[in-house]
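Q: In case you want the letters, here they are:
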Amino acid sequence: MESKGRDDKAFVAELETITLPHIDNPLFKAQLKSRLLAEAALPTRRGTTNSTAWWRYALVAAAFLAVLSWQLMPRPLPALAYLEIEVNPSVRLTVNSRRQVVNIEPLDEQAKLALQGFDVLGQPAIRVVPQVLEWLHRAAPLNHSSEIWLIVSPLGDAQPEVIDRLLSNTQTAASLHAQHLLAGAVTTHGLVIDRVRYAVAKQGALRPSQYARVAKAGISAYGMRALVAAGTRLKATGKLTDDQTREFMDLVAELLELGISEGEAAELIESLLVKGHSTRNLVTRIERAVERIEKGQEAKEAVRELREETERVDDEDEADERDEDETKESRPDKEQERGRDNKDPRGNEGTRGDDSPDHRDQSDDDQTEEEEKEEGEEEGGN
Amino acid sequence: MERAQRDPEAFGLLYEQNYDAIFSYILRRTGNVEAAQEIVSETFFIALKSLSKFKWQGVPFSAWLYRIAINEMAGYFRRGRIRTVSLETLQEEGFEPASESDVEREALAGQEELERHLAYQAVRQAVEALPEHYQEVVALRFFAGKQIADIAAVLGKPQGTVKSLLHRGLDKLRQALTEAKRSATFSENPPYAERRRGTYGE
Numbered sequence: 000m001e002s003k004g005r006d007d008k009a010f011v012a013e014l015e016t017i018t019l020p021h022i023d024n025p026l027f028k029a030q031l032k033s034r035l036l037a038e039a040a041l042p043t044r045r046g047t048t049n050s051t052a053w054w055r056y057a058l059v060a061a062a063f064l065a066v067l068s069w070q071l072m073p074r075p076l077p078a079l080a081y082l083e084i085e086v087n088p089s090v091r092l093t094v095n096s097r098r099q100v101v102n103i104e105p106l107d108e109q110a111k112l113a114l115q116g117f118d119v120l121g122q123p124a125i126r127v128v129p130q131v132l133e134w135l136h137r138a139a140p141l142n143h144s145s146e147i148w149l150i151v152s153p154l155g156d157a158q159p160e161v162i163d164r165l166l167s168n169t170q171t172a173a174s175l176h177a178q179h180l181l182a183g184a185v186t187t188h189g190l191v192i193d194r195v196r197y198a199v200a201k202q203g204a205l206r207p208s209q210y211a212r213v214a215k216a217g218i219s220a221y222g223m224r225a226l227v228a229a230g231t232r233l234k235a236t237g238k239l240t241d242d243q244t245r246e247f248m249d250l251v252a253e254l255l256e257l258g259i260s261e262g263e264a265a266e267l268i269e270s271l272l273v274k275g276h277s278t279r280n281l282v283t284r285i286e287r288a289v290e291r292i293e294k295g296q297e298a299k300e301a302v303r304e305l306r307e308e309t310e311r312v313d314d315e316d317e318a319d320e321r322d323e324d325e326t327k328e329s330r331p332d333k334e335q336e337r338g339r340d341n342k343d344p345r346g347n348e349g350t351r352g353d354d355s356p357d358h359r360d361q362s363d364d365d366q367t368e369e370e371e372k373e374e375g376e377e378e379g380g381n
Numbered sequence: 000m001e002r003a004q005r006d007p008e009a010f011g012l013l014y015e016q017n018y019d020a021i022f023s024y025i026l027r028r029t030g031n032v033e034a035a036q037e038i039v040s041e042t043f044f045i046a047l048k049s050l051s052k053f054k055w056q057g058v059p060f061s062a063w064l065y066r067i068a069i070n071e072m073a074g075y076f077r078r079g080r081i082r083t084v085s086l087e088t089l090q091e092e093g094f095e096p097a098s099e100s101d102v103e104r105e106a107l108a109g110q111e112e113l114e115r116h117l118a119y120q121a122v123r124q125a126v127e128a129l130p131e132h133y134q135e136v137v138a139l140r141f142f143a144g145k146q147i148a149d150i151a152a153v154l155g156k157p158q159g160t161v162k163s164l165l166h167r168g169l170d171k172l173r174q175a176l177t178e179a180k181r182s183a184t185f186s187e188n189p190p191y192a193e194r195r196r197g198t199y200g201e
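Chain order of the listed sequences is Y and C. Going by numbering that gives the first Met the number 0, the first sequence opens with residue 0, and the numbers climb by one from there. Going by numbering that gives the first Met the number 0, the second sequence opens with residue 0, and the numbers climb by one from there.
I should point out that these hints are in silico values taken from the structure, not numbers from a laboratory. Please note: incorrect hints may appear among the correct ones.
Claimed, not checked - Once the Cα atoms are required to be at most 30 Å apart in a straight line, the calculated BS3-like pairs of lysine-lysine come out as:
hint, chain 1, residue 1, chain 2, residue 2
1, C, Lys180, Y, Lys8
2, Y, Lys8, C, Lys156
3, Y, Lys238, Y, Lys274
4, C, Lys48, Y, Lys28
5, Y, Lys8, C, Lys171
6, C, Lys171, C, Lys156
7, Y, Lys201, Y, Lys238
8, Y, Lys32, C, Lys48
9, C, Lys156, C, Lys48
10, Y, Lys111, Y, Lys234
11, Y, Lys234, Y, Lys299
12, Y, Lys234, Y, Lys201
13, Y, Lys8, C, Lys162
14, Y, Lys201, Y, Lys274
15, Y, Lys299, Y, Lys274
16, Y, Lys111, Y, Lys201
17, Y, Lys274, Y, Lys234
18, Y, Lys294, Y, Lys274
I would like the entire structure built from these sequences, with the hints used as guidance.
A: Given below as structure tokens:
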């Protein structure tokens, strides 16, 4: 028995001398820990003891109270529309269903500077629009040739009559306040533009007045998209400047009168501009085409001739320029001529001078390069 | 421990404190890195899921983990393999595993290291051949370095019972190793055989 005890001790001592393997597996250890923590973070995998059941009831009750409190809390009204005001600079207001301004966003650097410290949130749009005009007027004074554009783009399921009322009320308020500021009349344009065209216009970085003209010309969202794409391509290749964008839009609008599709109109103008022609030259050519159609020529034929004319347009351009120079010398009092006609080719009434491209008529061909430069500066400066 | 029942991070701390000991024990019992990884995974997953059921009754958390590991190993030895938690399911829930190839390489290196411990391998095989009720007592004593009181806590048995089980278990182990020494397989393990010879003064 004693000997057996000694054997046991010796055997134990022997076993204890054996080196046992020790293996580190840090990657596996870290991986398993991640899995465990991921599992621990899942509440559905937890045990369902009485204590957890109690917590579940408490959570449900807390969630119910939270929902109830949220329902009782005053909630912001849905946005009704965007209202953009452009007098160069431009500002966008977001108006709610009570016609209160809930957001104000300058659309350019000049507006950003002009509206520093301007706080009108929660006030009715009809009161905010005149205040915006006043603040903008301080930064960039309006004059009698200024134009005010108000463009409303409905949001959500706004009723058309509500949108029309918003526009007419704010337009009237803007017009009256501008008269007060300048002690005289200022043209105030108003337009409702659907959200699709509005989105396309934003994508093309068009100013409110630019896309307002396009919308006014009846160009669809598809057509506007084509125009924006063409305009972007032309700008990228240096064939169109920012200031000419408006003229480009007007040219397309003119072409639509020939009865051709919007896509074809955009493509035609783009191709003509790519060939190096000026927008001014193209206005003349399109007007000639319109005249030919009025005299009974088929629209398709007129468009074909328009394309063909471009082949020999360079010579004609030079001749036109020579004519213009001569006319300039013979007519020094251009101011008299400017006030002569205030109607644009589509018959829209305007009160500003006919140096506006959308109020062009044939006499615009008489504009000198100097006038063009002045206009460009005005556009750029604004 | 209480915090770990509701806080995953606290469970992570318990994992860090206990992983090495539990993994080493399972590894020494199974003699297989891959199997040890599977069993240790299952052990901690079971612990995680059963954490709310754990009540402090004088049994340390580590003893509770050993108990889970022993149950899982019993299943492993019976079935030869065990069920694992689906990694795909966890990945769907946002878990990003470490590179599988790295983990596999790590396991292979571990297995090679394991194979080098020939004396241990002989003892392990002998322990595995013992009747089940002796296996855990002997293994906890020599593979985990546990004292009688610790073994009693893990197995939930009185210390006296553990003591007698250990005594009988050692007796059977010694017989088994003596038998093995005589066999060809055992004689192919010179380091262990030599040491045995020296101890017993043959």
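Q: All the hints need checking, so say for each whether the structure fits it.
A: For each hint, the structure was consulted:
1. C:Lys180 / Y:Lys8: Between C:Lys180 and Y:Lys8 the Cα gap is close to 19 Å, so the pair holds against 30 Å.
2. Y:Lys8 / C:Lys156: Status holds; Cα separation ~23 Å.
3. Y:Lys238 / Y:Lys274: holds, 9 Å
4. C:Lys48 / Y:Lys28: OK: C:Lys48 and Y:Lys28 at ~19 Å, within 30 Å.
5. Y:Lys8 / C:Lys171: holds, 14 Å
6. C:Lys171 / C:Lys156: holds, 20 Å
7. Y:Lys201 / Y:Lys238: OK: Y:Lys201 and Y:Lys238 at ~21 Å, within 30 Å.
8. Y:Lys32 / C:Lys48: With Cα atoms ~14 Å apart, Y:Lys32 and C:Lys48 stay inside 30 Å; holds.
9. C:Lys156 / C:Lys48: holds, 25 Å
10. Y:Lys111 / Y:Lys234: The hint holds at about 26 Å.
11. Y:Lys234 / Y:Lys299: holds, 28 Å
12. Y:Lys234 / Y:Lys201: The hint holds at about 16 Å.
13. Y:Lys8 / C:Lys162: The hint holds at about 14 Å.
14. Y:Lys201 / Y:Lys274: holds, 28 Å
15. Y:Lys299 / Y:Lys274: holds, 21 Å
16. Y:Lys111 / Y:Lys201: At roughly 18 Å apart (the allowed maximum being 30 Å), Y:Lys201 and Y:Lys111 satisfy the hint.
17. Y:Lys274 / Y:Lys234: holds, 14 Å
18. Y:Lys294 / Y:Lys274: With Cα atoms ~28 Å apart, Y:Lys294 and Y:Lys274 stay inside 30 Å; holds.
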